[in-house]
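Participant: What follows is the residue order along each chain.
Number of protein chains: 2
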Amino acid sequence: MSNIETVRHSLAHVLAAAVQRLYPDVKFGIGPAIDDGFYYDFDFSEPLNEESLKAIQSEMKKITKQGLDIERSELSREAALEFFKDQPYKVELINGLPEGEIISVYKLGDFTDLCMGPHVENTKHLRQRAYKLSSVAGAYWRGSSDNPMMQRIYAWAFMEKPELKDYIARREEAMKRDHRRLGEELELFTVSELVGKGLPLFLPKGATIRRILERFIVDEEVSRGYLHVYSPDLGHKSLYEASGHWQHYKDSMYPPMDLEGQEYVLRPMTCPHHFMMYKSKLRSYRDLPMRYAELATQFRRELSGTLTGLIRVMSFHLADSHIICRMDQMEEEFSAAVELADYVMRALGIRDVVSFRASLRDDEKGKYVDDDALWEKAESMFLGALDKLDLEYEIGRGEAAFYGPKLDIQARNVMGKEDTIITIQIDFVLPARFDISYTASDGTKERPVTIHRSSIGCIERTMAFLIEHYGGAFPSWFAPVQVRVLTLVDAVDDYAKDVIVKLRKAGLRVEEDLRNESIGKKIREGRLMRIPYLVIIGNSEMEAGTIAVRNRDTGEQTTLSLDDFIAGATGEVDDFSLKLSAGDVA
Amino acid sequence: MSNIETVRHSLAHVLAAAVQRLYPDVKFGIGPAIDDGFYYDFDFSEPLNEESLKAIQSEMKKITKQGLDIERSELSREAALEFFKDQPYKVELINGLPEGEIISVYKLGDFTDLCMGPHVENTKHLRQRAYKLSSVAGAYWRGSSDNPMMQRIYAWAFMEKPELKDYIARREEAMKRDHRRLGEELELFTVSELVGKGLPLFLPKGATIRRILERFIVDEEVSRGYLHVYSPDLGHKSLYEASGHWQHYKDSMYPPMDLEGQEYVLRPMTCPHHFMMYKSKLRSYRDLPMRYAELATQFRRELSGTLTGLIRVMSFHLADSHIICRMDQMEEEFSAAVELADYVMRALGIRDVVSFRASLRDDEKGKYVDDDALWEKAESMFLGALDKLDLEYEIGRGEAAFYGPKLDIQARNVMGKEDTIITIQIDFVLPARFDISYTASDGTKERPVTIHRSSIGCIERTMAFLIEHYGGAFPSWFAPVQVRVLTLVDAVDDYAKDVIVKLRKAGLRVEEDLRNESIGKKIREGRLMRIPYLVIIGNSEMEAGTIAVRNRDTGEQTTLSLDDFIAGATGEVDDFSLKLSAGDVA
Numbered sequence: 317m318s319n320i321e322t323v324r325h326s327l328a329h330v331l332a333a334a335v336q337r338l339y340p341d342v343k344f345g346i347g348p349a350i351d352d353g354f355y356y357d358f359d360f361s362e363p364l365n366e367e368s369l370k371a372i373q374s375e376m377k378k379i380t381k382q383g384l385d386i387e388r389s390e391l392s393r394e395a396a397l398e399f400f401k402d403q404p405y406k407v408e409l410i411n412g413l414p415e416g417e418i419i420s421v422y423k424l425g426d427f428t429d430l431c432m433g434p435h436v437e438n439t440k441h442l443r444q445r446a447y448k449l450s451s452v453a454g455a456y457w458r459g460s461s462d463n464p465m466m467q468r469i470y471a472w473a474f475m476e477k478p479e480l481k482d483y484i485a486r487r488e489e490a491m492k493r494d495h496r497r498l499g500e501e502l503e504l505f506t507v508s509e510l511v512g513k514g515l516p517l518f519l520p521k522g523a524t525i526r527r528i529l530e531r532f533i534v535d536e537e538v539s540r541g542y543l544h545v546y547s548p549d550l551g552h553k554s555l556y557e558a559s560g561h562w563q564h565y566k567d568s569m570y571p572p573m574d575l576e577g578q579e580y581v582l583r584p585m586t587c588p589h590h591f592m593m594y595k596s597k598l599r600s601y602r603d604l605p606m607r608y609a610e611l612a613t614q615f616r617r618e619l620s621g622t623l624t625g626l627i628r629v630m631s632f633h634l635a636d637s638h639i640i641c642r643m644d645q646m647e648e649e650f651s652a653a654v655e656l657a658d659y660v661m662r663a664l665g666i667r668d669v670v671s672f673r674a675s676l677r678d679d680e681k682g683k684y685v686d687d688d689a690l691w692e693k694a695e696s697m698f699l700g701a702l703d704k705l706d707l708e709y710e711i712g713r714g715e716a717a718f719y720g721p722k723l724d725i726q727a728r729n730v731m732g733k734e735d736t737i738i739t740i741q742i743d744f745v746l747p748a749r750f751d752i753s754y755t756a757s758d759g760t761k762e763r764p765v766t767i768h769r770s771s772i773g774c775i776e777r778t779m780a781f782l783i784e785h786y787g788g789a790f791p792s793w794f795a796p797v798q799v800r801v802l803t804l805v806d807a808v809d810d811y812a813k814d815v816i817v818k819l820r821k822a823g824l825r826v827e828e829d830l831r832n833e834s835i836g837k838k839i840r841e842g843r844l845m846r847i848p849y850l851v852i853i854g855n856s857e858m859e860a861g862t863i864a865v866r867n868r869d870t871g872e873q874t875t876l877s878l879d880d881f882i883a884g885a886t887g888e889v890d891d892f893s894l895k896l897s898a899g900d901v902a
Numbered sequence: 317m318s319n320i321e322t323v324r325h326s327l328a329h330v331l332a333a334a335v336q337r338l339y340p341d342v343k344f345g346i347g348p349a350i351d352d353g354f355y356y357d358f359d360f361s362e363p364l365n366e367e368s369l370k371a372i373q374s375e376m377k378k379i380t381k382q383g384l385d386i387e388r389s390e391l392s393r394e395a396a397l398e399f400f401k402d403q404p405y406k407v408e409l410i411n412g413l414p415e416g417e418i419i420s421v422y423k424l425g426d427f428t429d430l431c432m433g434p435h436v437e438n439t440k441h442l443r444q445r446a447y448k449l450s451s452v453a454g455a456y457w458r459g460s461s462d463n464p465m466m467q468r469i470y471a472w473a474f475m476e477k478p479e480l481k482d483y484i485a486r487r488e489e490a491m492k493r494d495h496r497r498l499g500e501e502l503e504l505f506t507v508s509e510l511v512g513k514g515l516p517l518f519l520p521k522g523a524t525i526r527r528i529l530e531r532f533i534v535d536e537e538v539s540r541g542y543l544h545v546y547s548p549d550l551g552h553k554s555l556y557e558a559s560g561h562w563q564h565y566k567d568s569m570y571p572p573m574d575l576e577g578q579e580y581v582l583r584p585m586t587c588p589h590h591f592m593m594y595k596s597k598l599r600s601y602r603d604l605p606m607r608y609a610e611l612a613t614q615f616r617r618e619l620s621g622t623l624t625g626l627i628r629v630m631s632f633h634l635a636d637s638h639i640i641c642r643m644d645q646m647e648e649e650f651s652a653a654v655e656l657a658d659y660v661m662r663a664l665g666i667r668d669v670v671s672f673r674a675s676l677r678d679d680e681k682g683k684y685v686d687d688d689a690l691w692e693k694a695e696s697m698f699l700g701a702l703d704k705l706d707l708e709y710e711i712g713r714g715e716a717a718f719y720g721p722k723l724d725i726q727a728r729n730v731m732g733k734e735d736t737i738i739t740i741q742i743d744f745v746l747p748a749r750f751d752i753s754y755t756a757s758d759g760t761k762e763r764p765v766t767i768h769r770s771s772i773g774c775i776e777r778t779m780a781f782l783i784e785h786y787g788g789a790f791p792s793w794f795a796p797v798q799v800r801v802l803t804l805v806d807a808v809d810d811y812a813k814d815v816i817v818k819l820r821k822a823g824l825r826v827e828e829d830l831r832n833e834s835i836g837k838k839i840r841e842g843r844l845m846r847i848p849y850l851v852i853i854g855n856s857e858m859e860a861g862t863i864a865v866r867n868r869d870t871g872e873q874t875t876l877s878l879d880d881f882i883a884g885a886t887g888e889v890d891d892f893s894l895k896l897s898a899g900d901v902a
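Sequences listed follow chains P and D, in order. With the numbering used here, letter number 436 in the first sequence gets 752, and the count goes up by one each step, no holes. With the numbering used here, letter number 328 in the second sequence gets 644, and the count goes up by one each step, no holes.
Only chain P is shown next, with the shape it has when bound in the complex (with noise of 0.2 Å):
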């Protein structure tokens, strides 16, 4: 049997094939195999909409049904040239091709392709294949906004039907789920281009969350020991050009600002504030370890084309920390780094979709810092602690950091795209690049050694991760509103306050729905917000002194005191205790 890549790739000519018995005047780009299918660019004399793919997909099928035969033969430049005489954007590709280069053709019926191949050799091998065309987009051809725009037909293929299945049903859960779309929602932040495209804004619900989860985990750093500094967002440019990110970084960074002919950057990373404050004075063996950590703003140039939601933004904001600590410190503040984002995985509820990538050097030269005995204390340390923290990683081998090992934790998202949203990070460079030291027991100057990490990672990078995880159906914890009350009569209203005014004594989030409609109506939208508790109040209530609550994740409505409801919902939050979990969406 054929791999996918054939079978997606073999498909994309059927494709072509399709297009040209029903667009005989059509010009072709190319068409490759990708992730979750393939594509093929056209060139049409009018736009295609979603009839015209139907239309394509059952000639697919006809040419699948009738067993062509895909041929390949071979051409001189000349003569392929002579044949694509009319198609020009074959024409440039073939004259694009080095000198001497075999130039190979794929024959498909009455549809011949450029192609170095391979395929299936005959479209019977198809027929059982999954495959559907999902949509239409422009697309410049090779990429450029210089050249013509083409019409690009996408679709998704598999090897079985229900493979397909599965993957429509999972994206259309993910685009449920896209961060973007419940930003919007679900009112957490918006984009407004008049401020700039990857500069989202906080919206007060979005705040609320950011806000708790910032001080969750200062709160958390501060008790093990992390001494939690502010440093500006900005500095000279010979800071940087100390640190080298100037010289190694640049294409990242903001353009420099000239303020009385002093040259300032947006800082990308915060190891040379923190370096300064570690020089500020003199320090001893006994002062260390120094954990300085930040919520640190930091500033990363990015193509505008690629700037989305909370994911790739212009402006991040990054849970930082540089441990500075002697060579014998070393494992031990290592391992606590890793046990530390391994509890904040744990009570943001996504410890199961997320997996630790140990990246170690190879043995390119020039790529790494060049001290065998450093790197194999280093990478002996790291593994071991890794082993004794009882983790199972992966090895990604020439994947370090050219100053030292570094731990990628990954996480996994709906459609099981995996990034990277922690790193802890060994190194040995930095320390001496801005000459920083310690007095050792006897007296001597010391190099300490340093630990880049995050914890919770970029806050806006996480919270895309976790909107899209909980599908906005946030643990109470850390959800922005925790309670909405809702009246069934305006008689109950003076109850309906006085338990409002209860629930936020107690500290918990309260919105409330005192409005004159329906019941169901109010319930529906407490619902389409994913709030954890809908507290409903009526006559009976009233009478009873108690309090009707329906769970967002049990969908159960129970009736009781406030009291109880208060000690199960303020517990739930003390604990980060999870009743959801990812698929229950409601």
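Accuracy of the hints is not assured; some may be wrong.
Heads up, the list lumps identical chains together, so a pair's fine if it works in one copy or across two of them.
To be verified - Derived DSS-like pairs: lysine-lysine, alpha-carbon spacing no greater than 25 Å straight-line: (1) Lys-838 <-> Lys-597; (2) Lys-838 <-> Lys-377; (3) Lys-566 <-> Lys-553; (4) Lys-818 <-> Lys-761; (5) Lys-595 <-> Lys-370; (6) Lys-597 <-> Lys-837.
Because the hints were derived from the structure by calculation, they are not lab data. The model shown is predicted, which means the values in this text are computed figures rather than measured ones.
Starting from the structure of chain P, add chain D where the hints point.
Facilitator: Chain D alone, transformed into the frame defined by chain P:
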């Protein structure tokens, strides 16, 4: 009797005359009266030191004893140039005088100075006056770094000796309390030349104060119905063109940064960001008031020479808010904003050193938005609300913003100098400029009004004020360290550690000093750090299961149970109680 300005100015001439006697080759600059005395700029061939100042001051005393006349006369330009031909700075001044200006000189014994006067008639009138040469500093001629550096002799001068004595005492106290000095001594913040002069780095202890104040104000505002948000530190330049900031305020803004042909600027204010949030949805009369609030990073371009400590910085953090409301809600919202500021000043313990200034428009046309009816309505609401709040306030006519009246809250420092720390402004203009609106109950579109306000001011400036006001001896609720545990002997270490765990569990910020040092040294160091409570543990405390507590503010030491101490210390935090008055610095 002459007024103090004349006395100070005459003393400057006496100073110059004395210098001429001791340094015949000296070249004279200028010598004006200033707020607390006078100065004179000289070009000496040698640097002055403290001894030189003493010699000059005794020579001045001789001159006042001699009772010399100070005689005015007038010279033609030619005669003046001839007379001062050996004094290049005077020649430059004469050449700078407009044609036709009367050139007057004052003669005091052998010394004659180019001067407008007035002066006392005879130096005997200066005999009873109190003055002291205080310091020498370098100063560029006419304040420009293109000119030669001169030596400026500063002096304090008052009518009576007790005034001078009192002034010097207050100055010494102020210097001890200088937030830059205490910032370093108490390790609150540091400034690194490599990062940038106006870009302070908050060290762990200063960051703790800042975090406590930030959480305090955010929680207080949220409980009062403010909608806390986060918005980015920068935006498209066009955003600030729309708001008018770019046109009116460009010189105080950072230079734009070009990213892919788009210009971005660091924000000087948050109004446009908050307005964009308001505009992210249609708003109805029922949604108002909306009180957007943010702990906002803001950027102002300041001349590097003016940057100092936490007072004048290049980037600061304002507890900012924009209250968007209907005209009929304006009075209530304004009053609530004033009431909040008043509450905050009380919680910080500085209500007694705060005064209010109501800034209204005057008759000058063109300086204010041209709508008399609106102004009359606004000012009468504004003053009416202040009167109802029963606040004492001054009126500053002609000090309104161009878009409406404002209330300035002034704090008076140890030297009696007033600075604005909080402003509450009424604004009729920006809502129209950003075209923000709401749907009224009759379905028509209406324009809301806005209040720009702060509550705790700019965190850097407020912290600078608090550091100086309390001389670093902060109320326990925001002291970075509330308790330090000191041991008398090693034998009690375990008991002390147990006490520390319990104190931390109670939420107190605790340091330990278990070093093998004398208790006298440990107490002295704890006092120097202005820690509210020193808990002292020896064998007798361990045996009795008690602790000895030394109270920073009363200086008393008492023995009590841990539970009683915890109850007292946490209670003090909860009600912001302050045992300390500003005069009691250790």
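Participant: Please go over all the hints and tell whether each is borne out by the structure.
Facilitator: These are the hints, each one checked on the structure:
no., hint, result
1, Lys-838 <-> Lys-597, "between (60 Å within a copy, 20 Å between copies)"
2, Lys-838 <-> Lys-377, "neither (49 Å within a copy, 88 Å between copies)"
3, Lys-566 <-> Lys-553, "both (10 Å within a copy, 23 Å between copies)"
4, Lys-818 <-> Lys-761, "neither (60 Å within a copy, 37 Å between copies)"
5, Lys-595 <-> Lys-370, "neither (68 Å within a copy, 40 Å between copies)"
6, Lys-597 <-> Lys-837, "between (63 Å within a copy, 21 Å between copies)"
When held up to the earlier numbered hints, the structure conflicts with 2, 4, 5 and fits the remainder.
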